[in-house]
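Quick note: the sequence shown uses the working numbering, first residue 1, plus one each step.
Simulated from the structure, these hints should not be mistaken for laboratory data. Possibly wrong hints are sitting among the right ones.
Stated by the list, open to error - Distance condition first, Cα-Cα at most 20 Å in a straight line; then the derived EDC-like pairs of lysine to aspartate or glutamate:
#	residue 1	residue 2
1	Lys77	Asp121
2	Lys77	Asp47
3	Lys247	Glu191
4	Lys282	Glu238
5	Lys159	Asp126
6	Lys247	Glu205
7	Lys289	Asp121
8	Lys77	Asp59
All values reported here derive from a predicted model rather than from experimental measurement.
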Amino acid sequence: MDPDWQQQRDAVIGLGSMSGRKSFFPELQHKIEELEENRELLANVIDSIPNPVFHKNLDGVYLNCNAAFARYLGFSKEEIIGRTAYDLAPRELADTYRRADLELLALGGTQVYEAALRHGDGTLHDVVFYKSLILRANGTVRGLVGVILDITELKRAEKALRESEERFRAIFDLIGDAVFIHDLESGAILEVNQTMCDLFGYSREEASRLDVEAISAGEPPYSQAEAMAWMRRAAAGEPQVFEWLGKRKNGELFWLEINIRRAMLGAAERLIVAGRDISDRKQAEAEKKILSEQLSQAQKIESVGRLAGGIAHDFNNLLTPIIVYVQLLMRDLSDNERASSRLGQIMLAASRAKELTQQLLSFGRKQRLTMRVLDLNTVIADFSGILRRTIRESVEISLHLAPELPSIRADRTQVEQILMNLAINAQDAIEKNGTITIETAMVMLDEGYARHHAGIVSGWHAMLSVTDTGHGMTPETQEKIFEPFFTTKESGLGTGLGLATVYGLVKQHNGSIWVYSEPGRGTVFKIYFPLAGRAPDQESAPVPGVLATGQGRGVILLAEDNEMVRDMASELLKEDGYAVLVAESPEVALKLTGEQHIDLLLSDVVMPRMSGPELYARLAVAQPGLRVLYMSGYTDNVIVNHGLFDEERNFIQKPFSADALLAKVRELLS
Numbered sequence: 001m002d003p004d005w006q007q008q009r010d011a012v013i014g015l016g017s018m019s020g021r022k023s024f025f026p027e028l029q030h031k032i033e034e035l036e037e038n039r040e041l042l043a044n045v046i047d048s049i050p051n052p053v054f055h056k057n058l059d060g061v062y063l064n065c066n067a068a069f070a071r072y073l074g075f076s077k078e079e080i081i082g083r084t085a086y087d088l089a090p091r092e093l094a095d096t097y098r099r100a101d102l103e104l105l106a107l108g109g110t111q112v113y114e115a116a117l118r119h120g121d122g123t124l125h126d127v128v129f130y131k132s133l134i135l136r137a138n139g140t141v142r143g144l145v146g147v148i149l150d151i152t153e154l155k156r157a158e159k160a161l162r163e164s165e166e167r168f169r170a171i172f173d174l175i176g177d178a179v180f181i182h183d184l185e186s187g188a189i190l191e192v193n194q195t196m197c198d199l200f201g202y203s204r205e206e207a208s209r210l211d212v213e214a215i216s217a218g219e220p221p222y223s224q225a226e227a228m229a230w231m232r233r234a235a236a237g238e239p240q241v242f243e244w245l246g247k248r249k250n251g252e253l254f255w256l257e258i259n260i261r262r263a264m265l266g267a268a269e270r271l272i273v274a275g276r277d278i279s280d281r282k283q284a285e286a287e288k289k290i291l292s293e294q295l296s297q298a299q300k301i302e303s304v305g306r307l308a309g310g311i312a313h314d315f316n317n318l319l320t321p322i323i324v325y326v327q328l329l330m331r332d333l334s335d336n337e338r339a340s341s342r343l344g345q346i347m348l349a350a351s352r353a354k355e356l357t358q359q360l361l362s363f364g365r366k367q368r369l370t371m372r373v374l375d376l377n378t379v380i381a382d383f384s385g386i387l388r389r390t391i392r393e394s395v396e397i398s399l400h401l402a403p404e405l406p407s408i409r410a411d412r413t414q415v416e417q418i419l420m421n422l423a424i425n426a427q428d429a430i431e432k433n434g435t436i437t438i439e440t441a442m443v444m445l446d447e448g449y450a451r452h453h454a455g456i457v458s459g460w461h462a463m464l465s466v467t468d469t470g471h472g473m474t475p476e477t478q479e480k481i482f483e484p485f486f487t488t489k490e491s492g493l494g495t496g497l498g499l500a501t502v503y504g505l506v507k508q509h510n511g512s513i514w515v516y517s518e519p520g521r522g523t524v525f526k527i528y529f530p531l532a533g534r535a536p537d538q539e540s541a542p543v544p545g546v547l548a549t550g551q552g553r554g555v556i557l558l559a560e561d562n563e564m565v566r567d568m569a570s571e572l573l574k575e576d577g578y579a580v581l582v583a584e585s586p587e588v589a590l591k592l593t594g595e596q597h598i599d600l601l602l603s604d605v606v607m608p609r610m611s612g613p614e615l616y617a618r619l620a621v622a623q624p625g626l627r628v629l630y631m632s633g634y635t636d637n638v639i640v641n642h643g644l645f646d647e648e649r650n651f652i653q654k655p656f657s658a659d660a661l662l663a664k665v666r667e668l669l670s
């Protein structure tokens, strides 16, 4: 009970006792009872308040409190009234309360602050103190009153919410996709994650001020209008997934896969937009498409090449007897000028047909190559004189040869053929004056380049490039230039085999060829040869051929399934003095030999049921010293390419001349 109130009440009662007649003070007595009722009413009202309420004097002594305060602290009212916070709470907390009381007494007004308060169960709770001063009628301070609001659960909820937001932010920022929250009505980006900032090159503050237009390519179909159309469909409840061309802060364009979903965030409907960088995937798809096109082109050329090689092989079997018989007739009719002239024209036509079949074989990669270690620069320098005499004078030939270029393993004649074909192609592309530049260099083709170009093996290569200043080619023309018989020249001015031959020869050398051209900008061909890894070979002089003299000695087994070639070779060898056993198949050849000694096997490489090398292997068992000479219209088979008769002296390419065959036979039997 308030001491002031008690003192006033007791004084009034004392006066009544002194008079001995309370009835003289009925009005005063009524006031006292009314005050007592009001006090009790106030006490009951305060006790009914669910929040703790307390009343202190200026010294911090509790003068009164409600039941909620007593329950909160875990004491009875009697244990609280007349005591201070230092008697009821830990000292550090009591110090906090006292400092706050003194501040309120000094400043006046109303005081609100958060603090900890020990609960009756011994735990500390978070509370808010609402305190104000109690004044007397004269304005002096009688004490202070306070109300306590427990905010422990609120604090826990705030902490949980804060931790949840932190977890969300951490997960949001750790997502590998760029994510932003979009307001469809305003078009604003409301929130972004760190991945988006990193992907587009903006700070979080900058990103929060962006709109969709700023991060889009801008041109249809990647403009803001198209983007908003996608978003409207998503806002209608239909999730959207599509590819999009985005734009970074530095203006760089890149590919994204966009996923848009509608979501309720609080009371507002938003769009969640996630973007995944698919630039690598798009690049891989583009590279795959290029490689697929390259493979398709290579397969098409390979198919045509096999056809061309087969045709050339059959042609060679036809040309071989024609050339040999014409040579023999020219020898027999050497004193008949008119007949010799006509035979010369036949030989000229046969020679041109032979050149055509050689081109077909080169394209089909069936041409027999004499592989040696060569200095590419030397080959070019030596051959440049022939090129300059071949190319018209209005076209300049310029050489830029890299010093100390490593050697390559190649057929010198075929490298010269490549140079000649490319130079003629370049000349034909130059209408009047111009320049053909032939250049060499050592270049590294890395794994990335090899992955993007079918048939390329990574590593160091010797590069041969031929560049012209001609009219150039369209992309459509470039796709077809290596196809046989394709030509942009007028009818009758070209066979369409020049570049096809180059392609086949390059592939047969395990190299690769690349072309770049633009209309009006000229053309450059680049050929990459694998390096040999050793010094160039010394080239020997060719052995001259000699026509039949009748001085041949020895027994020759001739195995050839083509009747015309078989008859021609047999007649030529017999005329030169050799004994000849003729077999139209390997089986017949085996029967013919029996116990007879054979000096030389002259055999076609490819025959039905048994190849020439297989026939030789069986014969050599019985005749270990047997020599062999293989002949073929083409050599694109496993036996030749895997070196069972790598030596040039053991092979002759069809079509051959009479003196070439006889020279080979004499060389082997000498």
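Taking the hints in turn, this is what the structure says about them:
Our distance criterion of 20 Å between C-alpha atoms is met by Lys77 and Asp121, whose separation comes to about 17 Å. Distance hint between Lys77 and Asp47 is fulfilled; the C-alpha atoms sit about 11 Å from each other, no more than 20 Å. Using a Cα cut-off of 20 Å, the hinted pair Lys247 and Glu191 holds, with the two alpha carbons roughly 18 Å apart. Between Lys282 and Glu238, the direct Cα distance comes to roughly 26 Å. Violation of the 20 Å bound is thereby established for this hinted pair.
Restraint check for Lys159 and Asp126: the C-alpha separation of about 12 Å stays at or below 20 Å, so the hint holds. A hinted pair counts as satisfied when its Cα atoms are at most 20 Å apart, and Lys247 with Glu205 qualifies at roughly 18 Å. At most 20 Å may separate the alpha-carbon atoms for a hinted pair to count; Lys289 and Asp121 exceed this at roughly 75 Å. With a C-alpha separation of about 18 Å, the suggested pairing of Lys77 with Asp59 holds against the 20 Å cut-off.
Checked against the numbered hints given earlier, this structure breaks hints 4, 7; the rest are met.
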